[in-house]
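Engineer: Make the full structure from the sequences, and use the hints.
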Amino acid sequence: MTTSRSDTGFAYAPAQFQQIVEDTLKLATQLGASDAGAEVSEGVGLSVSVRKGELENVERNRDKSLGVSVYLGQRRGNASTSDFSVAALKQTVQAAYDIARFTAEDPAAGLPDADDLATPAEAARDLDLFHPWALDAAAAAVLAQRCEAAAFAVDKRIRNSEGAGVSAQQAHFWSGSTRGFRGGYASSRHYISVSP
2 MTTSRSDTGF
12 AYAPAQFQQI
22 VEDTLKLATQ
32 LGASDAGAEV
42 SEGVGLSVSV
52 RKGELENVER
62 NRDKSLGVSV
72 YLGQRRGNAS
82 TSDFSVAALK
92 QTVQAAYDIA
102 RFTAEDPAAG
112 LPDADDLATP
122 AEAARDLDLF
132 HPWALDAAAA
142 AVLAQRCEAA
152 AFAVDKRIRN
162 SEGAGVSAQQ
172 AHFWSGSTRG
182 FRGGYASSRH
192 YISVSP
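Take the sequence shown: its letters are residues 2 to 197, numbered as in this note's numbering.
Hints may be right or wrong, so weigh each one.
Stated by the list, open to error - Cross-link-like lysine-lysine pairs, in silico, BS3-like; alpha carbons within 25 angstroms at most:
#, residue 1, residue 2
1, Lys53, Lys157
2, Lys65, Lys27
3, Lys91, Lys27
4, Lys65, Lys91
If you are wondering where the hints come from, they were derived from the structure by calculation, not from laboratory data.
Structural biologist: Structure (structure tokens):
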């Protein structure tokens, strides 16, 4: 997973995510978990909409999350947090552990066997899913207005519009388990739409 914070707007580098997962798994095993899995993620984006040539909405989003699953034999507990501080990691792992302690056993609960996991080479494969679009709100609004204007230009009978929108979203994650799996990647999704 190769991403540059300057290109993406991400606040966290892949190495930081890897360390958060390692710290989380270590905390789980120190508590006595028989197995544990953790995934940390971050997403950033911009969405702009216009209607009849006028700016209607500008929305920026940024989110982050850590999810942890703790197993005590066939009992599983899950917890999550958006706070990556050491204290929050400890509290989140403890919460998942406590949930597992009071959960009934499930014969289907558990992590995949090591033989079923992707190899390090497979997990590191570049899936070509990440294409960041460094778009600011003003440029997105102009693009949405051009898109809507093109729809109106198709036929003079088109006099109204539900609007046009432009969105650029990027995310990355890292996942790991006590059975040895480590992997993650960055991805992006972008769209331009119009509803005349």
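Engineer: Going through the earlier hints one by one, which of them does the structure break, listed in rising order?
Structural biologist: none
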